[in-house]
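These are the residues of each chain, in order.
There are 6 protein chains.
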Amino acid sequence: MVKKEKVMALEAGPDADLDPEMRAYFAKCLEKLGFVPNVFKAYAFDNAKLRAFVAMADDLMLGDSGLSKLEREMIAVAVSSVNHCHYCLTAHGAAVRQRAKDPELGELIAQNYRAADLPPRQASMLAFAVKLTEAPDKIEEEDRERLRRAGFSDRDIWDIAAVAAFYNMSNRMAAAVDMRPNREYHYMVRERTGDEARTPTPDRRTSPPSAPLSRGSAARRRRSRIE
Amino acid sequence: MVKKEKVMALEAGPDADLDPEMRAYFAKCLEKLGFVPNVFKAYAFDNAKLRAFVAMADDLMLGDSGLSKLEREMIAVAVSSVNHCHYCLTAHGAAVRQRAKDPELGELIAQNYRAADLPPRQASMLAFAVKLTEAPDKIEEEDRERLRRAGFSDRDIWDIAAVAAFYNMSNRMAAAVDMRPNREYHYMVRERTGDEARTPTPDRRTSPPSAPLSRGSAARRRRSRIE
Amino acid sequence: MVKKEKVMALEAGPDADLDPEMRAYFAKCLEKLGFVPNVFKAYAFDNAKLRAFVAMADDLMLGDSGLSKLEREMIAVAVSSVNHCHYCLTAHGAAVRQRAKDPELGELIAQNYRAADLPPRQASMLAFAVKLTEAPDKIEEEDRERLRRAGFSDRDIWDIAAVAAFYNMSNRMAAAVDMRPNREYHYMVRERTGDEARTPTPDRRTSPPSAPLSRGSAARRRRSRIE
Amino acid sequence: MVKKEKVMALEAGPDADLDPEMRAYFAKCLEKLGFVPNVFKAYAFDNAKLRAFVAMADDLMLGDSGLSKLEREMIAVAVSSVNHCHYCLTAHGAAVRQRAKDPELGELIAQNYRAADLPPRQASMLAFAVKLTEAPDKIEEEDRERLRRAGFSDRDIWDIAAVAAFYNMSNRMAAAVDMRPNREYHYMVRERTGDEARTPTPDRRTSPPSAPLSRGSAARRRRSRIE
Amino acid sequence: MVKKEKVMALEAGPDADLDPEMRAYFAKCLEKLGFVPNVFKAYAFDNAKLRAFVAMADDLMLGDSGLSKLEREMIAVAVSSVNHCHYCLTAHGAAVRQRAKDPELGELIAQNYRAADLPPRQASMLAFAVKLTEAPDKIEEEDRERLRRAGFSDRDIWDIAAVAAFYNMSNRMAAAVDMRPNREYHYMVRERTGDEARTPTPDRRTSPPSAPLSRGSAARRRRSRIE
Amino acid sequence: MVKKEKVMALEAGPDADLDPEMRAYFAKCLEKLGFVPNVFKAYAFDNAKLRAFVAMADDLMLGDSGLSKLEREMIAVAVSSVNHCHYCLTAHGAAVRQRAKDPELGELIAQNYRAADLPPRQASMLAFAVKLTEAPDKIEEEDRERLRRAGFSDRDIWDIAAVAAFYNMSNRMAAAVDMRPNREYHYMVRERTGDEARTPTPDRRTSPPSAPLSRGSAARRRRSRIE
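Chains as they are written, first to last, in our numbering: chain A, 7 to 233; chain B, 7 to 233; chain C, 7 to 233; chain D, 7 to 233; chain E, 7 to 233; chain F, 7 to 233.
So here's chain A without its partners, still in its complex pose (with noise of 0.2 Å):
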């Protein structure tokens, strides 16, 4: 693989001899985003190590949930929003604007979630993810209460956490190396929307219903693309 940018600011080593299954993975990487994420890139010299990292991160984010994609991707930009972490909110902010197709939402939750006027099962699960990041130690009965009561199964509870966890982890990777995003996700999704002739996009979950909201049009759109 011809690297024509570093990927981080350590040597680690030269690639390794790439299994036939991780060889498939960039195959398919580069055939469907056109380019391999720099993230399997810096994980390369190592097989073992980069089919870990791709088994875990790809079973959190793609697997069976009770949480929609979208859903899982807001919780990994919220996360590192509070990390600043330069390549996941590349990354994931890119992924949270190509899920919702809405370029603002991405950059909603990589600024602030709480600007994002979000219905009340997603605020209930941002701000988790965000306690969980902030002060883990302090997490007691009452907050995993309290998504219960937004309506979350013990399951889907597993699900946010294990999610918010994971980019706890991959942000400090990613600091620890000044890992570099791919500049084309800077690129992906920014054309506006169009405001009225949008087919819906029901992604695989629905929220409960929940109150009108007082907002103009421009929440309400969302609100509507993320429910």
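The hints are simulated quantities; they were obtained by calculation from the structure and are not laboratory data.
One or more of the hints may lead you astray.
Any copy, or any two copies together, can satisfy a pair, since identical chains are not distinguished.
Straight-line alpha carbon distances no greater than 27 Å define the calculated DSS-like cross-link-like pairs of lysine-lysine that follow [what the hints assert, rightly or not]: (1) K38 with K144; (2) K137 with K38; (3) K107 with K12; (4) K107 with K38; (5) K144 with K34; (6) K34 with K137; (7) K38 with K12; (8) K137 with K12; (9) K144 with K12; (10) K107 with K75; (11) K75 with K12; (12) K75 with K137.
Start from chain A and add chains B, C, D, E and F according to the hints.
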């Protein structure tokens, strides 16, 4: 003025009868930007408050200074990143993208300026601005000395401090009233800039010469634009 | 203007040729206070900066508002206490002592407003100002609602926010340039006020009626002065 | 003992039958200060607790030490500033004013010792006390070495630590029970001291000679009093 | 006294000529514990300081109180956990293990009391102690009210505060001088206690009855020992 | 699998039908440790999640690395100390005791690594891990340089970062679901080791030679075991 979307969470009252100077200012915003920034609409319930805010902001960001306009916008964004200010990150992130003609630099500073591989001059400038934001009570003469060693005059230090302090005010004002940025900002200067045929776009001020960078071409391009 | 003592650590340049309005402002300070506050002298190297600062400070602290002038000074001091700002605690601590005609109240707020046994209106006002100072990114609608429940209008909330935000700017400016308060402030309104024969000194605004206090006579006296 | 004002928020019980030594101690307070400090009244519900507190406080603040009594009061106030302790800032702020014969120094340390332009000896002493207050778990040998380089013996370092640690206890005790200082403290040593005809008032200990200061005459006067 | 291992990083001086009472105290330590705790050896360079420290520690931890001796040790350990104090976690962790006859409880509190599934009385007691440690300036009447609702008298609240405050002093003293615990503490009460044939070992005080717990048998056993 | 005690606060579902590899893994745990660590039981509701977690943990803690296995456990414990993680401090504290054959070292790191008088190599390693835990956004090239100066290769730095990052994930997972460690951990390697007749137990890697220590014999013994 017809407000199609609410600009903040407070009902501070109807727009005041703006004086001719403020009306001209709004007209100029419309002409140059295509919209009146919502922060000005938020202050418009009171002509005196609007005038005072506009006067201070314009003097700081556009007035005579040893800091380039891009550098002042970089300070605004770095401070707003610490404070997680949705409004200012959106509006001034766009301004950094625009002044640097670099869609990536705005996000870098908004996420974590330490990842931006900045020349020493700008890195020390932002380090001071961030310390002043996080722990103003811990600023000591040594902090000013560090700026002097990085080539800043005492008057420059005043300006760094004044811009950083101003956005500590604005961030809090925006948070307190839940100020909402114009949606247009999200879409400004998002197109990828060509990597080769770029005419250097020198800002008014140049930073002192610095050692060549080891990062890839993107950082080098960025650097040449800032310097 | 002969400066007998340095007013800050920076040599920002000689005093500008002040315009007639600013010269008149300085003259009025001398007449009313006996001295020109050093913060104005610090800004005097640039007429435009001085004008902008004076305009904003005067509008906030002396302009029309649902908050009494004493309440605005209390916010200035509570914010400056969090930020440990020597200049503002000295100057605005004196202002609280003077406006409250209570030498103890200025110190109470400067030390820790929670020890001041304030009426609910002022306690909630300062709690908001302190949260806005310490964690602006965590302000949510519930914080504004709490102020509304304490009797504040939306316009009042703007003013609480604007004063708290302004001193977050001023505190940082003072810290950044090591601004030094006029020595006179230390000695203003220090004499113990008589405990019985006090004529109540109602401020323009009164707070809503509140339950009788259990503390001793000093707190009761203080309370009657604030309310 | 007739309590005209409550000295704290707890009803810990009636005053104990104080032993002759404690009664004599209270009498001496009355004679020397004109009042019994409320902290002693608060402990007076239990003779053993009062004795233990008095013994420790008196040994630390008045006993034999390489630190002057003024320096020990400065530590008490700098620690209490970090902890925003109303009681201790009031009582020991008065003590600094009194021992330094300088009404301004007490406030400077109570607000932010970094603004006080202190000689290196006292600045390093307070830097250690503040770090010990804010982050005791981060103290390392280098912190002790810095004190040794500033001229302190190991025994002096013990005393700096012991005074700083003691006020971390007292501040918390005062906060926990809402201890209220005697009103008299507010009014002690507030008159402006003459600026020229001052007879130097050397404390028992002198600090090592230090370079001349660049600040104005007030700081020079202050400095000559501390050293 | 022959010191085989240094008890701290400072050379504060040789042991003082201890008075008969302190010599008897050391002898009693040797008889009961098999060693003199290093904290006492550290203070032994000065008889008055040693006496004052012993008097206060013994009154707080062994004197008459509405808190059981185990509860007081739990407070010591919870506070020391926040401050990451090696000496106190070692010495008082052993004391919790010993008084509770539960090798696991000492570690639970040393690590994070929130994981210990404590009865409401002890949980609220430690929550207060931890808040008083982390943010003494934020204690308000509501914090005391919460303790009253959990069944504590005002005198009990004094004792909770006094023990928590004392260890905020001791933790800092230990950190400042790098105090090193006697190695024996590490090995005290480490053997697993039988799970069935335990005779309940009621402490002097019992906590109010509380709802049955849902956790497994270990927590139930622990609970019955604390209550 | 019969669960006699709940391993966490969530009911994430019954154990999955584990694949042969995971069944073999559990059997090996039972054989080597006498129990299956509860963290694995907690993940056992989902075979894919369990596999991914086991793969990553085993690669990091047992795979090829320039860090010794003891050093990796020390990082796990130092990170868990910052995060106050009951599960990881218990399980990995036992692992440090076991790998170091030193019952005291595990507690030292769990309480505060700065008190452990470690050789420079391990001290700088843990300082990096702790900074990465507390302030990942503040990591800069200078932090990596410090590790290089302490003798670590870039590949070693990756491993330090990866272990520290992984426990920032695990700590949060354990906190989020209230994971409870197997009771057996508390009792492992608690017996005091002989002080003289110890055969040095060199770990695979040795740290660079370092200056002789001034502390007593316990620290010297500990040091010789780590190095």
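Fill in: Identical-chain pair category, K107 with K75, by Cα at 27 Å
within (13 Å within a copy, 34 Å between copies)
Worksheet item: For the identical chains here, do K34 and K137 meet the 27 Å Cα criterion within one copy, between copies, both, or neither?
Response: Answer is neither: 35 Å inside a copy and 36 Å across each miss the 27 Å cutoff.
Discussion item. Treating 27 Å as the Cα threshold, decide for K144 and K34: within, between, both or neither.
Written reply: neither (41 Å within a copy, 34 Å between copies)
Worksheet item: What label fits K75 with K137 when the C-alpha limit is 27 Å: within, between, both, or neither?
Response: Answer is within: at 21 Å inside a copy they meet the 27 Å cutoff, but 32 Å across does not.
Fill in: 27 Å Cα threshold - placement of K12 relative to K144
Between copies, since 21 Å is at most 27 Å while 39 Å is not.
Worksheet item: With identical chains treated as interchangeable, where does the CA-CA distance between K137 and K38 reach 27 Å or less: within a copy, between copies, both, or neither?
Response: Answer is neither: 34 Å inside a copy and 37 Å across each miss the 27 Å cutoff.
Worksheet item: Can you tell me if K75 and K12 fall within 27 Å by alpha carbon in one copy, between copies, both or neither?
Response: Classified as neither: same-chain Cα gap 30 Å, cross-chain 30 Å, threshold 27 Å.
Discussion item. Please sort K38 with K144 into within, between, both or neither, judging by C-alpha distance up to 27 Å.
Written reply: neither (41 Å within a copy, 34 Å between copies)
Discussion item. Reference check for the pair K107 and K12, CA-CA at most 27 Å: within, between, both, or neither?
Written reply: Intra 31 Å, inter 23 Å, cutoff 27 Å: inter-copy only.
Worksheet item: Under a CA distance limit of 27 Å, which applies to K38 and K12: within one copy, between copies, both, or neither?
Response: within (22 Å within a copy, 39 Å between copies)
Discussion item. When Cα atoms must be at most 27 Å apart, do K107 and K38 count as within-copy, between-copy, both, or neither?
Written reply: Classified as within: same-chain Cα gap 17 Å, cross-chain 29 Å, threshold 27 Å.
Practice prompt. Using 27 Å as the alpha carbon limit, work out where K137 and K12 are close: within a copy, between copies, both or neither.
Written response: between (34 Å within a copy, 24 Å between copies)
Consistency note: the structure conflicts with the earlier hints numbered 1, 2, 5, 6 and 11.
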